[in-house]
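Just need the whole structure built from these sequences, with the hints factored in.
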Amino acid sequence: MTDGATPRMLTLGEIARALDARLSGDASAAVCGVDHPARARADQVALAVEPGALKHLAATKARVAVVSEDAAPEALAGLAGHVAVKRARVALSVLTRLFQPAPAQGPGVHPQAFVDPSAAVDATASVGALAYVGPRARIGARSQVLPQATVGADAVLGQDCLVHSGVRIGDRVRIGDRVVLHANACLGADGFSFVTPEPGSAEMPLSANHSKVTARNDTILKIHSLGTVVIEDDVEIGACSTVDRATLGETVVKRSAKIDNLVQIAHNCVVGENCLIAGQVGLSGSVRLGDRVVLGGQAGVGDHLKIGDDAVIGGAAAVGQDVPAETIFIGYPAGPVPEKLQENMNLRRLPRLLREMMDFGKRLKMLERRLASSGGG
Amino acid sequence: MTDGATPRMLTLGEIARALDARLSGDASAAVCGVDHPARARADQVALAVEPGALKHLAATKARVAVVSEDAAPEALAGLAGHVAVKRARVALSVLTRLFQPAPAQGPGVHPQAFVDPSAAVDATASVGALAYVGPRARIGARSQVLPQATVGADAVLGQDCLVHSGVRIGDRVRIGDRVVLHANACLGADGFSFVTPEPGSAEMPLSANHSKVTARNDTILKIHSLGTVVIEDDVEIGACSTVDRATLGETVVKRSAKIDNLVQIAHNCVVGENCLIAGQVGLSGSVRLGDRVVLGGQAGVGDHLKIGDDAVIGGAAAVGQDVPAETIFIGYPAGPVPEKLQENMNLRRLPRLLREMMDFGKRLKMLERRLASSGGG
Amino acid sequence: MTDGATPRMLTLGEIARALDARLSGDASAAVCGVDHPARARADQVALAVEPGALKHLAATKARVAVVSEDAAPEALAGLAGHVAVKRARVALSVLTRLFQPAPAQGPGVHPQAFVDPSAAVDATASVGALAYVGPRARIGARSQVLPQATVGADAVLGQDCLVHSGVRIGDRVRIGDRVVLHANACLGADGFSFVTPEPGSAEMPLSANHSKVTARNDTILKIHSLGTVVIEDDVEIGACSTVDRATLGETVVKRSAKIDNLVQIAHNCVVGENCLIAGQVGLSGSVRLGDRVVLGGQAGVGDHLKIGDDAVIGGAAAVGQDVPAETIFIGYPAGPVPEKLQENMNLRRLPRLLREMMDFGKRLKMLERRLASSGGG
Chain U
1 MTDGATPRML TLGEIARALD ARLSGDASAA VCGVDHPARA RADQVALAVE PGALKHLAAT
61 KARVAVVSED AAPEALAGLA GHVAVKRARV ALSVLTRLFQ PAPAQGPGVH PQAFVDPSAA
121 VDATASVGAL AYVGPRARIG ARSQVLPQAT VGADAVLGQD CLVHSGVRIG DRVRIGDRVV
181 LHANACLGAD GFSFVTPEPG SAEMPLSANH SKVTARNDTI LKIHSLGTVV IEDDVEIGAC
241 STVDRATLGE TVVKRSAKID NLVQIAHNCV VGENCLIAGQ VGLSGSVRLG DRVVLGGQAG
301 VGDHLKIGDD AVIGGAAAVG QDVPAETIFI GYPAGPVPEK LQENMNLRRL PRLLREMMDF
361 GKRLKMLERR LASSGGG
Chain W
1 MTDGATPRML TLGEIARALD ARLSGDASAA VCGVDHPARA RADQVALAVE PGALKHLAAT
61 KARVAVVSED AAPEALAGLA GHVAVKRARV ALSVLTRLFQ PAPAQGPGVH PQAFVDPSAA
121 VDATASVGAL AYVGPRARIG ARSQVLPQAT VGADAVLGQD CLVHSGVRIG DRVRIGDRVV
181 LHANACLGAD GFSFVTPEPG SAEMPLSANH SKVTARNDTI LKIHSLGTVV IEDDVEIGAC
241 STVDRATLGE TVVKRSAKID NLVQIAHNCV VGENCLIAGQ VGLSGSVRLG DRVVLGGQAG
301 VGDHLKIGDD AVIGGAAAVG QDVPAETIFI GYPAGPVPEK LQENMNLRRL PRLLREMMDF
361 GKRLKMLERR LASSGGG
Chain E
1 MTDGATPRML TLGEIARALD ARLSGDASAA VCGVDHPARA RADQVALAVE PGALKHLAAT
61 KARVAVVSED AAPEALAGLA GHVAVKRARV ALSVLTRLFQ PAPAQGPGVH PQAFVDPSAA
121 VDATASVGAL AYVGPRARIG ARSQVLPQAT VGADAVLGQD CLVHSGVRIG DRVRIGDRVV
181 LHANACLGAD GFSFVTPEPG SAEMPLSANH SKVTARNDTI LKIHSLGTVV IEDDVEIGAC
241 STVDRATLGE TVVKRSAKID NLVQIAHNCV VGENCLIAGQ VGLSGSVRLG DRVVLGGQAG
301 VGDHLKIGDD AVIGGAAAVG QDVPAETIFI GYPAGPVPEK LQENMNLRRL PRLLREMMDF
361 GKRLKMLERR LASSGGG
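Chains as they are written, first to last, in our numbering: chain U, 1 to 377; chain W, 1 to 377; chain E, 1 to 377.
Among the hints, a few may not be true.
As the list makes no split between identical chains, a pair holds if one copy fits it or if it spans any two.
Only pairs whose alpha carbons sit at most 25 Å apart, straight line, appear in this in silico SDA-like list of lysine to any residue [what the hints assert, rightly or not]:
#1 Lys365 / Asp20
#2 Lys212 / Gln321
#3 Lys362 / Gly308
#4 Lys222 / Gly13
#5 Lys306 / Met204
For the record, the hints were derived by calculation from the structure and aren't laboratory data.
Laid out in C-alpha cells, this is it:
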C-alpha cells in the first residue's frame, strides 16, 4: 500500500515476481502506478490484458507493460520491458493491490474525535477527526476508523479493518479482522419486524380464493431487536448498505463474503462464506445463503428462504422459493435456467401460435362444411 | 427499557402480567434477558413459541420459559416455571420491549455537539457527541439525538423520539412524538423534479405508434422544493431511507406508519396511517397510500398512483395502475391475485398447448387428405 | 435565493418579467412566497396552473396568482393581479427558483469543522460545523459544504456547489461547478470488482445446457480501485446515492445529468450529459449512457451495456442488452415498446386461445369419428 501523498515505486522485476509471471526486457525499470496504455504516463506500467488494449501500446507513454501471454511480439516492440500473464483479471487484482493508495490518516486518535474513556483503542489503530467511539467499544491493531464514522457502545472491531467515513457500527455489533466497510454503510439498525394483535393483512395466504383483504392492521406492535450483527473476517460491505440486527441471536455475514452498495440484509439473515452480493440486492428476514452464493444486482429473496451452496442468482431475479445448491436461478419469478429459457422461447412462439390457430380454425370450418354438404357420416 | 451497561431484572410473575398470560411455577424467578432456549443463559427466560423451539427446552440453561399454550407438559418438566401465551409473535413483541437495551446516552447536550444558540432543546432531551442542531430547531422532552445526527434549521422534533447516528433531518422538517429514525436516514432532500422548456422525452405517451423518441432534453430546468416533510407520531423509518420534501406543501408520513431500510418516498407522497413498507420499496412522486397499506420488499409504485386502504402489494411488484382498497396486487406488471395466478397457470400450460397444436396440425392434414382422396364435398 | 430566516420579497411585476409572461392588474403587489391557492397566504402568490387548481382561486387568501393562459376570466375576478403562463411546469421551475430558501450557513470555516492545513478553501466558500476537509483538498468560490459532510484528501470541489450534510466525497474525486449533492450521497467508494484464481461461478455462460454450477469460488481476490470519480458541472445527485470510483481511469457523470435518491452508479460507468436517472436505478459496472438518456425508477442495467442518446428506459425495466439511440425500452426483460406491448397483448389472448383449443379438439374428434364411421378415404 502507498499513502495518498507519495506513491510507491516498484521495478518491473518486482512486479513480475508479484504476478508470478514471465519477464522480458529491463527488470530494473521503476514505476509508481498502473493504467490503461492510452492513459499511462512514462512512470507507470501500462496494463494491456483486455482485448483491444494491445493496440494502444504503440502510442503509449509508458516504457513497460503487463500483457496477456498471447500478445503478438510486434505489439511489444517499442517497450523497454514487459511481463506476460495468463489470467487478465487476476493480474489486475495483483497490480491494483500493489499500487492502491492508502487513506491519508496516520495512527492515533484525532483530537477532534470523541472516544469514550471506557473504550479500548489499540495504540496502532487510528480514529479520524469527528469520529465517535462509544463506551466499552474495542478497536484492534492497525484498524482505521476514518473521519465521522461511528463505533457504537460495546462494539468490537478486529485488526486491520478499514471503516470509511459515515459508517455506522451499532451498539454491540462484532466485526472480525481485515473487514472493509464503505462510506455510510449501517450495521445494526433494528430489524423491520412488526406484528398485529390479530392476524394481519400481510399474513394472508395468496390464492385465487383470497383476493380480498379482510384483516385490518389497526394496531401495530414492534418486535424489538435484542440481537446483534456479526461480521466475520475479510468481509467487505459497500456504501449505504444496511445489515440489520437479529431479533434474538445474530445476523451473520460469514468469512470473506463481499457485499456491494445499497444492499439490504434483513434481520436474522445468514450470508455464507465467500458470497458475492451485487448492488441493490435485498434479502428479506431470516434468509439463509449457503457458501459461495452469487447474487446479481437488484435481485431479491423472500423471507425465510434458503439458497444452497454455490447457487447463482441472476440480476433482478425475484426469488420466491428455495434454491438448491449449485443451481442457477433467473427471472421474475425466478426459476432454474432451462425452465426460464424454455418459458421465454414459448412466449416468443406465441405470435406464430396465434396465426396457426386462425389457420386451423379456417381449415376446420372448411372440413366441416365439406362433410356437411357431402352428408358424410 | 434498560441501558446498555446494566440490564433490567424482571421476575417471571412480572413477565406473566406484561404478557397477560397464565403462569405456572416459580413467580419470583428473576431474569435479565430473553433468548432462544438453545442460547438462553441461566439468568434469561427461554422463548419457545415457534415450532421447533420446544424440543430445545430439554437442554436449555434457562430456568424459566415462555411457551405456546399448546406446549406438551413433558417438554416443560425441567423448568422452575413457565408462562403460556396464545399468539407467539405478540408475546415476542412484549418480551423484546421489556428487555430492549437503551442507547448509552444520558440527557443533556454533549460538549462536542453543535447546537445553535437559537435552537430550543428540552432539558430532558439529549444531543450526542458531534451531532448538529441548527438555528431555531426545536427538540422535545426526552428525545434522543444520537452522535453525529443532524437536525436542520427550523426543524421540529417532538417528544420521546430516537434519532440514530447519521440521520439527516432537513431544514423545516416537522417530526411528531415517539418517532424512531434509523442510522443515515434522510428526511427533506429536494424532490427529483425537472422540466424541459419544450415537452421532453419522459413526457411521451407509451404506445406502439410512439416507439421512437423525438424530443431532445437539451435543457433541463429544476423545479425547486419549497415544501417540507411531515412525519407524524409513532412513525419508524429505516436505515438509509429517504423521504423527499414536497415541491409546495408537504410530503406526509402519517401516524404509526413503519418504513424499512433503503426505501424511497418521493416528493409530495402521502403515506397513510399504519402502513408497512418493506425494504427497498420505491414510491414515485405524488403517490398516495391509503391507511394500513402493506408493501413487500422492492415493490415500486409509479408516479401519481393511488393505493387504497388495506391494500397489500407483493414483494418486487411493479405497480403501474391505481390499486383499489382491500385488494392484493402482485407481479410484473402488478395486477390482482386471481388474474396474475391465472396468467401464470396459462403460461405453464403453454408447453402442452404447443404439443397439442402440432398434434392438431397432423390430424387436420390427415383429415384433409382423406377428404381429398375420397373426393368428399 | 432567500435565506432560511428572512424570505425574499418580489412584486408581481418582477415575477411576470422572470416568467416572461403577460401581467394583468397590480404590478406592485409584493409577495414573499408561492403556494397552491388552497394553502397560499395573503403575502404569497397562488400558483394555479395545474388542472383543478383554478377552482381554488375563488376562496384563496392570496391576492395575486400565476395561472395558465387558458384560465377563464371569471376564475380570476377576485384577484388584485395575475400572470398568465404557457407551460405550467416551466413556470413552476421559475417560481420555485425565485423563492427557494438557502441553507442557513454563512461563508467561512466553522470553528467546529476540521480543515486540513494543506487544504485550499476559497474565502467565499463555507465549511459547516463538524464537516471534514482532507489534506490538499480544494473548495471553490461560494461553494457550501454543510455540517458533517466529508471532502476527502486531494478532492476538488468547484464553484457554487452545494454539498449537503453527510455527503462523502472520497479521496481524489473531482467535482465541477454548480453541483448539488444531497444528504449522505457517497462518491468514490471502491468498485465491486472481484475475481477468482480460476474462472468463477459468475463467469458461467447462461444456457439450457449449463444449468449446474461447476465452479467453486473458494478464493476471492479483490480488484482494487485505483481510479476516481469525475462529476461535471451542473450535476445533481440524490440522497444516499452512490457513485463508485473506476478501477483505472474515471467513473464519469457528465454535465447537467440529474440523479435521484438511492441510485447506484458502479465503477467505470459513464453517464452522459443531461441524463435523468430516477430513484433506485442501478447501473452495473462499465455501463455507458449516451446523452439525454432517461431511466425510470428502479430500472437496472447489466454490466458493460450501452444505452444510446435520447433513449428512454421505463420504470422497473430490467435491461439485459444494448439499447439503440432514441428508443424506448420497457419491461422484464426490457425490450422495445412495440414488441413488449405485443407480447402483453398476446398474453392477454391466452385464455381465449386455450378455450379455442378445447373447441378445436372436440370438433376435430367429431370430424374424425364421422369420417371413420363413413369409412371415408
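Okay, the hints, checked on the actual structure:
Neither within a single protomer nor between protomers do Lys365 and Asp20 lie at most 25 Å apart by alpha-carbon distance, with minima of 76 Å and 69 Å respectively. Taking CA atoms no more than 25 Å apart as the test, Lys212 paired with Gln321 passes in both settings, with 24 Å inside one copy and 18 Å between copies. Proximity of Lys362 and Gly308 under a CA criterion of 25 Å is satisfied in neither setting, with 51 Å inside one chain copy and 45 Å between copies. Only between protomers do Lys222 and Gly13 lie at most 25 Å apart by alpha-carbon distance; the minimum there is 22 Å, versus 62 Å within a single protomer.
Within a single copy, Lys306 and Met204 get their C-alpha atoms as close as 22 Å, and across copies as close as 22 Å, so both meet the 25 Å cut-off.
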